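Residue numbers (my numbering), protein chains in the order written: chain E, 15 to 261; chain L, 15 to 293.
Rather than coming from a laboratory, the hints here were simulated on the basis of the structure.
There's no promise every hint is true.
[Said to hold, decoys possible] Taking lysine-lysine and the DSS-like style, the derived pairs with C-alpha atoms no more than 30 Å apart in a straight line are:
hint	chain 1	residue 1	chain 2	residue 2
1	E	K37	E	K175
2	E	K192	L	K192
3	E	K37	L	K192
4	E	K37	E	K247
5	E	K175	L	K192
[Unchecked claim] Here are a few chain E residues that sit away from chain L, every Cβ distance over 10 Å (derived from the structure):
hint	residue
6	P19
7	F30
8	G75
9	R135
10	S184
11	M215
12	R219
13	D229
14	P239
15	D241
16	F243
Bear in mind the structure is a predicted one, so any value in this text is a computation, not a measurement.
In this text, a Cβ means the ideal position worked out from N, Cα and C, and glycines have one as well.
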Amino acid sequence: MTAAPMITMTGVNKWFGRFHVLKDIDLAVAAGERIVICGPSGSGKSTLIRCINRLEEHDEGRIVIDGIELDEDTRNIAAIRREVGMVFQQFNLFPHLTVLENCVLAQRRARGTPRKEAEARAMHYLERVRIPEQAGKYPARLSGGQQQRVAIARSLCMEPKVMLFDEPTSALDPEMIKEVLDVMIDLAGTGMTMIVVTHEMGFARQVADRMVFMDQGRIVEAASPADFFAAPKSDRASLFLSRILTH
Amino acid sequence: MADGATIEDSQVRLPPRPRRPVWYRRQSFDLLVFALLGAGLVWIAVHGAQSMGYRWQWFRVQRYLWRIVDGEIIWGPLIQGLVVTLQISAIAMAIALALGLVVGLMRLSGGIMAGIVSTAYVEVVRNTPILVQMLIFYFIIAQILGINRFWSGVLCLALYQGAFASEIVRAGILSVRKGQWEAARSLGLGRLDTYRDVVLPQAVPLMLPPLAGVLVNLVKHSSIVSVIAIFDLTTQGRTIVSDTFLAFEIWLTVAALYLVVTLTLSGFVAWLERRVATG
Ligand SMILES: Nc1ncnc2c1ncn2[C@@H]1O[C@H](COP(=O)(O)OP(=O)(O)O)[C@@H](O)[C@H]1O
Ligand SMILES: [Mg+2]
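Construct all of the structure, not just a fragment, from the sequences and the given hints.
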C-alpha cells in the first residue's frame, strides 16, 4: 500500500474516569478498505469508532483522518465530521422532520447547499437505499429497517469519505436485517471506506477486507476474514466466534 | 406501511385521530363541574353578604368599567387598570421567555461561570418572596439603574418568572434523547443549528404546558406591582373600593377580569400546543 491511509490511529488510549476503555490502539485503514470490528459487549468497539468522528475524545495517541489530525482545533473537528458519516444502532432519525427533511437539513446547514440541489441529492440517495416513496413520511411511520436505511441515506447525503456503522442491525427485527445489510453491501461495492461494528458474520465474510477483534479495550487480532474465521489466533477470539456462530 | 406504499400514502402526514367526540365529552364534563363550582361560589357570596347585611349595588359598578358621554365611550379606571396590567404582563412575558431560554441554556452549557451565575440567579429568585423582590427592585435597584416604576415592575416580574421558565427550558432540553445530539454532531451541524433545527423543535412542545402555567402566574403576580403604586387593575380596584365601599362588587369584578385574561391565555397556549403537535 503506497497511498497514505484514510485513517491512522497510533497509540490511542482513552479512559472513562478511571476505567481504561481503549488500550494502545494502533489501526490503519486504507482508502476504500472495509473493516469489520467484532468482540464481546463492553470491549470498547463503539468507543473506538466514536473517537474517529470525535463523539468521544481520546486521551493519548494520535488519530489522523485523510491528513487531518483530530485535536483540540474545532476547525479540524468540523472538517472531519464532514468527511466521516455515522450510522447508529438506534437510527437516531430526527422525529419531527420528514424523511426528506432529515436528509436535507445538514446539507443546507453544514454545507450551505441550495434547497433544490439538497433535495435532489436526498432523493438520489433515498433511491440508493430503495425507499424514495417514503420521502414525505415521518420516521415514526416507517419500519425499523426502513428507518435505518433512511439514516444511511442521510449520512450519504453529506458525501463522506468514510462511513462508520455501530451495530446497525442490532436493534432490528430479524426479518429486516437483510434489507439493511443489502444496502451496506451495495455501498461497499462503490468503494466507500467503511468501518462496521457488527456481529453479522455472514456480512463480514462477504464484505470485509479485514476483521478486527477487540476484547477489554485492546485490538487482540486483525486478520483477513478467511484467516480469522478459519483459525483465529487467540483463544479469546475462538471462544467469541464459537459463541456467536452457534447462536 | 409496507414497501409498496403509494405516493398518496406518502403525502399523509399523521393518522387521522378521533379528536372530536373525545373533546366534546371531556369539555362538557368540565363545563358541568365548572358550572356547579360557580353556582356554589355565588351562593356562598350572596349568602355571606346577606348574613353580613351587605347591600348589593351592582348597578354602580358599570361606570368604573366604561361610561358613554355624548355618544362616545370613555373607559373607566378598571379598564384602564386592565390595560396597564396587560402592558406590564406582555412586556414581562417577552423578557421572561427570552431570559428563561438564555438562562436555561447557560445552565446546560457546562461552563463554570455561566453555571454559577445562572444557578445563583434561579435559587435566589425562587427562594425569596416576590413581594420582597419587588420592594428591593423599586427602592434599591431602580434607584441605581435610574429606571421608573413601570419598568421596575416589568423587570422584577420578568426576572421572577424567568427563573421558573429557565427550569422548564432546561428540563425540556434534557428530555431530548442523547442520540439526537450525536446524530446532529455526526452530520456536522454546529451547536446553534443543532439547537434550532433539532433540539428545540422537539423540546418546545414539551415546554408549552408548563410555560403556560408560568405565563398565567405572571399575569396573576403582576398584581403585586400595586405595592409600588403602579395603576394596574389591582391598584385601581383598591382605589375605587376605598372611595365607594363597594368591596364585594369591585373585587369580584376585578377577579373576573383577571380570570378572562388568564383563561384566554391558557386557551391560546392550548391552541398553540395542538398546532405544534399536528405540525
Ligand atoms: N460515556 C461513558 N461513560 C462511562 N463509561 C462508558 C461510557 N461509554 C461506555 N462506557 C463503558 O466503556 C466500556 C466500553 O463501551 P463500548 O465502547 O460501548 O463497548 P462495546 O461497543 O464494545 O459494547 C463499557 O464497559 C461501557 O460501560
Ligand atoms: Mg457498542
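How the hints compare with the structure:
| no. | hint | in the structure |
| --- | --- | --- |
| 1 | E:K37 x E:K175 | holds (26 Å) |
| 2 | E:K192 x L:K192 | holds (27 Å) |
| 3 | E:K37 x L:K192 | holds (26 Å) |
| 4 | E:K37 x E:K247 | holds (20 Å) |
| 5 | E:K175 x L:K192 | holds (25 Å) |
| 6 | P19 | holds (21 Å) |
| 7 | F30 | holds (15 Å) |
| 8 | G75 | holds (21 Å) |
| 9 | R135 | holds (14 Å) |
| 10 | S184 | holds (14 Å) |
| 11 | M215 | holds (26 Å) |
| 12 | R219 | holds (27 Å) |
| 13 | D229 | holds (25 Å) |
| 14 | P239 | holds (27 Å) |
| 15 | D241 | holds (32 Å) |
| 16 | F243 | holds (31 Å) |
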